[in-house]
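Engineer: Please arrange chains B and C on chain A, whose structure you already have, making use of the hints.
Read off the chains here:
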Amino acid sequence: MYIVNSWYVAATSEELKDKPLGRTICEQEIVFFRNSSGVVAAVEDFCPHRGLPLSLGKVEGDVLVCGYHGLCMGQSGETVSMPKQQVHNFPCNRTYPVIEKAGFIWVWPGDFEKANIDQLPELHWADNPDWAYGGGVYHVAADYRLMIDNLMDLSHENYVHSSSIGQKEIDEQPVHTKLEGDQVITSRFMESVEAPPFWKMAMRQKGLDDNAIVDRWQICRFQAPSQVMVDVGVALAGNGGFDADLSVKAYAVIVDFITPETPDSHWYFWGLARTWGVADSVMTSIIKEGQGEIFQEDMDILERQQLSLSANPKRRLLSLDIDAGGAMSRRLIQKHIKKEQTE
Amino acid sequence: MYIVNSWYVAATSEELKDKPLGRTICEQEIVFFRNSSGVVAAVEDFCPHRGLPLSLGKVEGDVLVCGYHGLCMGQSGETVSMPKQQVHNFPCNRTYPVIEKAGFIWVWPGDFEKANIDQLPELHWADNPDWAYGGGVYHVAADYRLMIDNLMDLSHENYVHSSSIGQKEIDEQPVHTKLEGDQVITSRFMESVEAPPFWKMAMRQKGLDDNAIVDRWQICRFQAPSQVMVDVGVALAGNGGFDADLSVKAYAVIVDFITPETPDSHWYFWGLARTWGVADSVMTSIIKEGQGEIFQEDMDILERQQLSLSANPKRRLLSLDIDAGGAMSRRLIQKHIKKEQTE
Amino acid sequence: MYIVNSWYVAATSEELKDKPLGRTICEQEIVFFRNSSGVVAAVEDFCPHRGLPLSLGKVEGDVLVCGYHGLCMGQSGETVSMPKQQVHNFPCNRTYPVIEKAGFIWVWPGDFEKANIDQLPELHWADNPDWAYGGGVYHVAADYRLMIDNLMDLSHENYVHSSSIGQKEIDEQPVHTKLEGDQVITSRFMESVEAPPFWKMAMRQKGLDDNAIVDRWQICRFQAPSQVMVDVGVALAGNGGFDADLSVKAYAVIVDFITPETPDSHWYFWGLARTWGVADSVMTSIIKEGQGEIFQEDMDILERQQLSLSANPKRRLLSLDIDAGGAMSRRLIQKHIKKEQTE
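So the protein sequences, as listed, match chains A, B and C.
Residue numbers for the first sequence, in UniProt numbering: 1 to 343.
Residue numbers for the second sequence, in UniProt numbering: 1 to 343.
Residue numbers for the third sequence, in UniProt numbering: 1 to 343.
Simulated from the structure, these hints should not be mistaken for lab results.
A portion of the hints provided could be inaccurate.
Which copy is meant is left open, so a pair is good if it fits within one copy or across any two.
As the list claims (entries may be wrong) - Okay, derived cross-link-like pairs now, EDC-like style, lysine to aspartate or glutamate, Cα gap no bigger than 16 Å in a straight line:
hint, residue 1, residue 2
1, LYS84, ASP321
2, LYS84, ASP171
3, LYS338, GLU113
4, LYS314, GLU340
Chain A with its partners taken away, still in its complex shape (with noise of 0.2 Å):
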């Protein structure tokens, strides 16, 4: 079940060039094509002649024409025309509310007019000189929930990305988790601690000594219906860590996209938006290929993890304050979901 009056990210805007892109949301199989401006649509990927994927076709001008006998869609789901055909009584495919912003095509895989673009997630550092991004996304085979509980709780760290993220102060120190408003925000503070590998790297590329001790953060915060954004950083000891000055600190946002498409798989949307060297287009790509192996190594876990909860169906699972993130999350969700199925 997923809460679907909603806006999903899709696809990345680079993913979506002449070609039509299908892609399963919520488990609604949607073709998305841009037209001759470049506008992006969103049509039912299902041609109402033969029933061929119609991202199988091409784009010629603005409609979608079918790869097996040229049915021509158009942007608002109507077919426009076909050869020798009379096509005003067709019937008409479904279509979604879709949106490009911030570099992601958004869609609304839920009631057509209760799409309210107000609703759109705010990305503050995205076209902001201020800051750089990187990402990428992943098809992962795993409940979509399964990823937010791994986003959610941190101290998986030290045991799958040990070589990279991980350090013992994450275990050491406890989580503390809240609702505020519609987020649940859930963050763990290290003071005085040595930086692990990621962090040294990015305190040299700020100038800063990658050997001194700092004040290291992490506060992971969830909105439905399905992104997570994790500050994450350090600071030279003493200066307030999260709240410290630019200049004495590396701070970045993880970037989570979390998108449904069958009750076993997801669409994982990841990257890092970083306020260090952002004109360095060299540094963008080397984090985004660390991050792109880090997010792969929880892919593996992820994948595994959903085969043996699927085998074990009965299987109660334990939830600890660690946990608490996830769970709080998921019963967000699920109150969404019921407000959906009530209104």
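Structural biologist: Showing chains B and C alone in chain A's frame:
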């Protein structure tokens, strides 16, 4: 559901050499093998001893020797012998009427006693010195009727095969479909057009000017249980088209035998019988290779269409005039199936 | 259905080093690991925290550390510790009686309190300086009882292994099958025959004339829950065959432990214990490689047989005298299962 009291192509003659061949026809697992005289037998592909498919064994003289413990299966489904065993009361395997003709192995998957050699289709081009034939076989993961639809509506050529046999006039000319006896015939005539690449090649091979304006025809003939013969060709314009004298036309028959394997898969025997350069075996190879590539494009479409239809079982498809050939063929199949069930 | 109150081989000793090993035995997912003294533990392969298989973790001292959040699982199924967590009321994982003996890890998948070390099979060739052993393990996608059938009827050697151990006299000699206590014994004796390739090699290695006429024997011994030991060998003809003096015979035991994984798959531990050239480890490797190839031929047959039987669930198989060994073994298994259910 399939017509079963009818002949289907099970294999090409060249597929069946000295080794047994296991193939599923209308959901029945059958092993084909040649006896010492080269005559083909067709027996249930299941060893009555321990259930190994007999097609994993080997042929010795007139029997098929099981690859596990050496049970010898005869051409009539009887166990002929087995080391140290009395076999007279072994249960018999089902056998199938089978016949080799025109380069194909034909099998009758229904009631043995109803098999009638007179029902084998007439193939006027086979064993005829005025014609040359080349072809192949594909396994296609799609309902066999999707292939019939495909072949009875060639308007897809412009979209699926745009670089070889498509041309815009296909879309411009309407088709005419009729039931003639036990054949569904759907035809399209394009007058005074430029020949597409394949037919330019044929005209050159024939010694005709490949830049000449031509009349082109496509006459698709479906016949139960599951074959489509398509008269195709071009003639120098104004000479009567299909009826023109052979000296001014390049004329061929696209040969398609479509044999159901399971509800979602079939064996597709395709080929081309042509009237020009019939002694030129190099040309036969070149045409066969090109046709194989074209039909590979169809396979990809059909397999994706099958996945889409399976995922959307409740969606209704359109039935346009271009679909009449496929629709009428399906009704003819259905009529035969009903008749079989009431007999 | 399986006998569960019994010892099964779960792994070879050399498969289990410093990393945990996850393996499904009789449909139960179990993780095996060695503590700091090298003693093996067997625990349910499921982390009580978030369900990741524990076998993806690592061993530290006497505990298994989960690869996701560091839960430490003890050898008795108890959670020993977890970073920052009180673990005293965590639910315990199921544990399994497990013991290492004769180069194998043995597990008891049934009731813990019924486990009885005296029920471990006697392996007279193990840890015996007069014998050499080499073997391996295969995963086979077939009901474990199909492997028992295979090993209790060696008449398949002429068809499946014709180039190595088959010979026509196998088919010519009848087998004798009997139940002796809790063993099913099926034997075949071939007198005054030429040795097949494998045994010619053994005779040469032993210093015997490999062209000599021999007496050959095959005595297959099935024992519950699922092992088959086969006495095999050749002796210079007229010296008593199996009972001949060791100086005139080449004698070995084919070792087969067949451990059910799921209803349609099993782990097959195969090997050969031999009495000649016991100090020659090169010979051990060569024999092991050859045996591996022979047993690979069996695997292929069994997996195809399983597919065929699964596709034809209603077909009855024959039960001939050569099948008596397998049939009697199956009845013995069934008797034990019934007894377990009523106890």
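Engineer: With reference to the structure, classify each hint as holding or not holding.
Structural biologist: Evaluated hints:
For a Cα distance limit of 16 Å, the shortest separation of LYS84 from ASP321 across copies, 9 Å, qualifies, whereas the shortest one inside one copy, 66 Å, does not. In this homomeric assembly, LYS84 and ASP171 come within 16 Å of each other (Cα to Cα) only across copies, at 7 Å, whereas the closest approach inside a single copy is 69 Å. In this homomeric assembly, LYS338 and GLU113 never come within 16 Å of each other (Cα to Cα): the closest approach is 19 Å inside a single copy and 48 Å across copies. For a Cα distance limit of 16 Å, the shortest separation of LYS314 from GLU340 qualifies neither inside one copy, at 28 Å, nor across copies, at 25 Å.
The structure fails to meet hints 3, 4 from the earlier list, while all remaining hints are met.
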